[in-house]
Amino acid sequence: MKSLIRSFLINVASLWIVSQIISGVTFAKGYETLFLTGAVLGLVNLFIRPLINILLLPLNLLTLGAMRWLVNVATLYLVTLIVSDFSISGFSFPGFFYNGFSIPAFSTTGFWALVLTSFILSFVSSFLFWLVR
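Quick note: the sequence shown uses the working numbering, first residue 1, plus one each step.
Hints were generated in silico from the structure; no laboratory data involved.
Source: prediction; values computed, not measured.
Mixed in with the good hints, there may be bad ones.
Cβ-Cβ distance ranges computed for the label pairs, FRET-style [to be verified]:
| hint | residue 1 | residue 2 | range |
| --- | --- | --- | --- |
| 1 | M67 | I120 | 32 to 42 Å |
| 2 | F47 | S102 | 34 to 44 Å |
| 3 | S102 | F127 | 36 to 46 Å |
| 4 | P58 | N99 | 39 to 49 Å |
| 5 | I103 | S3 | 33 to 43 Å |
| 6 | F97 | F8 | 31 to 41 Å |
| 7 | L51 | F129 | 15 to 25 Å |
Here a beta-carbon is modelled for each residue, glycine too, at the ideal position from N, C-alpha and C.
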């Protein structure tokens, strides 16, 4: 029970952080939708993600795990289908420059917004799980 609550809180925190980083991640009804999305993401990770892993096992074996990110994208897409007030849409990144390190400005639409959001969500949630371990 303790691990389920921890997982729920980390999912909610991760979703909130990602929504602050990426303008295309929106919760239509505010915190109510945020908490509902966190709960659904936890349930999908607990019950449906293992099935997706089994379905994509041949692809993961052929690519030596390089296509594992497809599981994260599929999971996040499934959550957007289940929670109607949670959406991921295209967004524009204004660019970033610091001491010679530069990330150019770019815009995303549809699928690529979902892919980038799943990468950032995976990174943030992994970091938070590591932090509370």
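Hint check results:
1. Under the hint 32 to 42 Å, the C-beta atoms of M67 and I120, about 18 Å apart, miss the expected range.
2. Take F47 and S102: their Cβ atoms lie about 42 Å apart, and the range 34 to 44 Å holds.
3. Distance hint for S102 and F127: a CB-CB separation of about 24 Å, inconsistent with the stated range 36 to 46 Å.
4. Taking the beta carbon of each, P58 and N99 are about 44 Å apart, inside 39 to 49 Å as hinted.
5. Between I103 and S3, the C-beta spacing of about 36 Å keeps the proposed range 33 to 43 Å intact.
6. At about 37 Å, the beta-carbon gap between F97 and F8 stays in the expected band of 31 to 41 Å.
7. A C-beta distance of roughly 22 Å is found between L51 and F129, which places it inside the suggested range of 15 to 25 Å.
In summary, the structure is inconsistent with hints 1 and 3 from the numbered list given earlier, while agreeing with the others.
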